[in-house]
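Asker: Line by line, the protein sequences give chains A and B. Under the numbering used here, the letters of the first sequence match residues 1 to 283, in that order. Under the numbering used here, the letters of the second sequence match residues 284 to 838, in that order.
You may find that some hints are simply not true.
Straight-line distance between alpha carbons at most 30 angstroms, and here's what the computed DSSO-like set of lysine-lysine pairs gives [unchecked claim]:
hint, chain 1, residue 1, chain 2, residue 2
1, B, Lys811, B, Lys504
2, A, Lys49, A, Lys211
3, B, Lys606, A, Lys211
4, A, Lys49, B, Lys329
5, A, Lys211, A, Lys136
No lab work stands behind these hints: they were computed from the structure. The model shown is predicted, which means the values in this text are computed figures rather than measured ones.
The lines below spell out each chain.
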Amino acid sequence: MSEPTTAAITLNIDGADVTVPSGTTILQAAGGRGCGIPTLCYGDTITPKNACRVCMVEVEGSRVLVPSCSRPVEPGMVVRTRSERVDHSRKMVLEFLGSSVDLSLTDHVDEWNAEYGADPTRYGADAATLADQPVKVDNDLYIRDYAKCILCYQCVDACGEQWQNSFVIEIAGRGFDSRVSTENDVSLPDSACVYCGNCIQVCPTGALMFKSEYDMRSAGTWDEEHQTVVDTICAFCGVGCNLSLHVQDNTIVKVMSPSDSSITHGNLCVKGRFGFQHAQNRP
Amino acid sequence: MVGLATVFGAGGGTSSYAEAEIADVIVMWGSNARNAHPIYFHHVLKAVNAGARLYVVDPRHSETAQFADRWLGLNVGTDIALAHTIAREIISAGLVHRAFIERATVGFDEFAAYVDDWTLERGEAVTGVPADAIRELAHAYATANAAQLCWTLGITEHHNGVDNVLSLCNLALLTGQVGRPGAGLSPLRGQNNVQGGGDMGALPNKLPGFQDIVDDLARAKFEAEWGVEVPAENGWHLTQMFEAMERGDLRSVFVIGENPAQSEADSQHATHLLESLDHLVVLDIYLTKTAQLADVVLPGSASWCESDGTVTNSERRVQRVRKALDPPGEARDDIDILLAVAERLGQRWHYDTHEDIWDELRRLSPMHAGMSWQRLDELGGIQWPCYSDDRIEPSYLHGRLWADDPAERGRLAPFSVVHDEPPVEALDDVYPLRLTTGRRLDSYNTGVQSGGFSSPNRMGETIDVSPEDASLMRITEGELVAISSRRGTIHAPARIDRGLRPGLVFMTMHFPDEVDVNVITIDATDPKAGTAEFKACAVRIDKLPVDIPLAAAGD
Chain A
1 MSEPTTAAIT LNIDGADVTV PSGTTILQAA GGRGCGIPTL CYGDTITPKN ACRVCMVEVE
61 GSRVLVPSCS RPVEPGMVVR TRSERVDHSR KMVLEFLGSS VDLSLTDHVD EWNAEYGADP
121 TRYGADAATL ADQPVKVDND LYIRDYAKCI LCYQCVDACG EQWQNSFVIE IAGRGFDSRV
181 STENDVSLPD SACVYCGNCI QVCPTGALMF KSEYDMRSAG TWDEEHQTVV DTICAFCGVG
241 CNLSLHVQDN TIVKVMSPSD SSITHGNLCV KGRFGFQHAQ NRP
Chain B
284 MVGLATVFGA GGGTSSYAEA EIADVIVMWG SNARNAHPIY FHHVLKAVNA GARLYVVDPR
344 HSETAQFADR WLGLNVGTDI ALAHTIAREI ISAGLVHRAF IERATVGFDE FAAYVDDWTL
404 ERGEAVTGVP ADAIRELAHA YATANAAQLC WTLGITEHHN GVDNVLSLCN LALLTGQVGR
464 PGAGLSPLRG QNNVQGGGDM GALPNKLPGF QDIVDDLARA KFEAEWGVEV PAENGWHLTQ
524 MFEAMERGDL RSVFVIGENP AQSEADSQHA THLLESLDHL VVLDIYLTKT AQLADVVLPG
584 SASWCESDGT VTNSERRVQR VRKALDPPGE ARDDIDILLA VAERLGQRWH YDTHEDIWDE
644 LRRLSPMHAG MSWQRLDELG GIQWPCYSDD RIEPSYLHGR LWADDPAERG RLAPFSVVHD
704 EPPVEALDDV YPLRLTTGRR LDSYNTGVQS GGFSSPNRMG ETIDVSPEDA SLMRITEGEL
764 VAISSRRGTI HAPARIDRGL RPGLVFMTMH FPDEVDVNVI TIDATDPKAG TAEFKACAVR
824 IDKLPVDIPL AAAGD
């Protein structure tokens with residue numbers, strides 16, 4: 001089955017001409033994640049949701065800034081990934097998020113705050129916040145710390161039609177009270193959750209976390225510096241899912257899956273995600 | 284593997300997972316992939332969400348069936364009857380792929396004559412599936428641009444499992460639904476390296492790379508590499524080994540990473556045979572029930588995280604497993620153990636690294652020749668066959684069957700005339716219920732591995748019964764009942780499952796230490812593959828006598 005032929009499109013990004021296949025997004029054309037455009041809600045296995053607005057760029061002729069993660073390139077497009085307007089927008093996004101949720105485990109936030117001059121504390125101690133709610137610990141496999149949730153929707157989409165099709169969680173509430181919730185906010189054991197952990201895989205802020213990681217962080221023993229990541233294959237059924245074992249002190253502390261795997265696309269089932277314990281229940 | 288090899292010459296699934304996403308009709312037959320192969324089912328759901336039609340053939344309205352456009356709830360063990368009825372409908376409706384049949388297959392006329400009396404009416408009467416559902420599946424499958432036909436242990440764990448597979452292959456041959464992108468036959472392997480074990484020659488009649496052990500040329504190649512003579516006769520498969528133990532012809536057994544004392548059907552009998560051996564050696568990472576019977580236990584390493592090597596998955600993809608942990612205590616790498624055992628037996632096998640062993644395989648097995656570890660790393664695994672270092676073959680097998688040139692087309696695929704046979708154990712007044720077995724999402728086989736983690740959804744062993752039967756027998760949810768077959772009696776709490784039809788009951792075998800289901804399963808096996816009929820035995824359920832508590836009685 002041949003791929004539909006894609007036309008090559010030339011656009012200009014920050015003064016340089018770039019030629020990419022049609023259908024490419026501005027972010028991809030600029031070099032993808034890590035190219036310098038900050039991203040928070042964007043994940044490489046989930047259709048962009050345009051939720052966080054931190055990746056906005058300026059497109060000549062467009063009245064408003066556009067989200068680079070989802071906007072497809074067009075011929076002759078002139079894009080500026082940095083400008084006074086872009087920088088100001090990113091500063092505001094980082095300050096609003098930083099003042100209302102706990103971004104302490106979100107990659108790159110400190111460097112972005114510095115780069116864009118964002119100061120989340122400038123709204124003062126009275127700023128509306130979600131960061132003071134308790135962590136939900138209702139099972140032995142993973143925890144939910146919605147004080148860290150930026151409502152990126154990735155967990156909702158991973159649990160829903162894009163991957164797992166379990167539809168256990170959705171966004172409940174309106175406006176500032178919007179939150180990720182099970183049906184009627186029941187505990188996970190009372191919900192339809194099957195503990196695949198595919199929500200943990202896509203969570204960019206540490207709001208969803210292995211219980212093993214949460215416990216070690218609480219005890220002060222979580223030490224990423226001294227962890228290794230080894231790719232191997234799940235030992236259960238015959239699908240052959242790719243596992244990335246995070247190992248500390250000869251102990252598996254977390255299991256992820258490579259998002260570029262043609263088998264898993266970063267997804268696992270409960271056995272692959274949490275079934276590792278049998279190899280280390282040691283006397 | 285035997286069925287696919289008979290028809291196509293290669294014992295592997297013909298498609299790739301990603302091809303499920305471009306199929307417009309997917310048939311899951313005897314497969315509860317939603318629970319047993321969840322990440323494969325993600326690929327199926329991609330197709331379903333994009334508009335593909337999903338048909339699920341299963342005695343139970345399983346979690347997989349909940350996603351189906353149509354569920355065909357057949358009577359246990361009537362798979363061949365259903366396949367024949369579908370075939371007959373495809374033929375009589377004029378939906379066969381005439382050009383494919385003429386060019387790529389043999390035996391069509393005989394097959395068509397054989398299935399001619401499998402009318403929709405007869406099919407419905409035998410299988411219990413409504414005629415219009417059979418007709419719908421037949422027409423959808425035959426007219427699809429690309430159809431996937433997938434199966435699992437619901438097809439193979441029968442006394443005639445190979446015939447079941449052959450009857451499904453017939454459907455692909457009738458309609459040309461094989462050898463094209465998206466069109467193919469996909470058996471989902473139950474265990475992580477079942478395919479790889481076959482690839483590596485862990486079959487009684489094969490050398491690595493599916494080369495016949497009775498083929499003099501193949502054997503000569505291995506003899507030259509290994510410097511020993513390879514016996515020119517087929518060995519025994521597992522069931523034949525147990526038969527040989529029974530006869531007294533097999534007195535010493537080396538078990539590696541298996542737990543037959545609990546996983547074999549009619550486990551009490553299997554345990555008795557293992558106990559009666561002169562010498563039993565078990566290499567495992569646990570002191571399993573089988574290991575507890577052993578004269579010598581060799582503590583091994585967990586192959587997926589304590590050793591380096593490869594495994595092969597259900598889409599024939601060979602992938603690297605890597606050592607992440609040091610094995611505990613005195614446990615050693617399995618390969619070290621095998622080398623040490625070989626040395627005690629007077630053989631000096633020398634390999635510097637595990638990769639050396641793999642490279643030896645690449646010299647001996649043409650289908651693995653192009654799979655260096657470096658390439659496996661770079662490409663995220665490689666599907667077999669891979670004959671050379673500079674080429675990747677198509678992701679589907681048997682494209683040759685569509686070739687114009689007869690020489691390229693090669694060996695034609697035969698239709699198989701197979702007889703439908705009911706399960707070995709018929710239902711009767713004493714044992715009126717059909718027990719079938721399967722898996723739950725969060726558990727696995729005898730629970731040796733999956734018992735290690737705390738799953739919030741794990742409910743332990745139950746006997747699942749239909750609401751109708753529960754009501755008839757006055758059984759309530761959670762009530763402890765006795766389940767008996769001709770081989771024994773076990774006790775388990777009842778669970779009422781609306782996915783079951785009257786007469787059908789279901790158990791897993793995940794919790795043998797609490798409820799040893801294989802006490803009651805039957806050890807009837809397929810003579811060609813040696814697979815046991817775990818999917819069908821006759822049982823009865825009895826309420827337990829109600830004990831009146833003494834204190835209550837005294838009041």
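Asker: Now tell me if each hint is right for this structure.
Answerer: Hints versus structure:
1. At most 30 angstroms may separate the alpha-carbon atoms for a hinted pair to count; Lys811 of chain B and Lys504 of chain B meet this at roughly 27 angstroms.
2. A threshold of 30 angstroms between alpha carbons decides the hint, and for Lys49 of chain A with Lys211 of chain A the separation of about 28 angstroms falls inside it, so the pair holds.
3. Between Lys606 of chain B and Lys211 of chain A, the direct Cα distance comes to roughly 24 angstroms. Compliance with the 30 angstroms bound is thereby established for this hinted pair.
4. For the given pair, Lys49 of chain A sits about 19 angstroms from Lys329 of chain B by alpha-carbon distance, which is consistent with the 30 angstroms threshold.
5. Between Lys211 of chain A and Lys136 of chain A the CA atoms are separated by roughly 11 angstroms; this keeps the pair inside 30 angstroms, and the hint holds.
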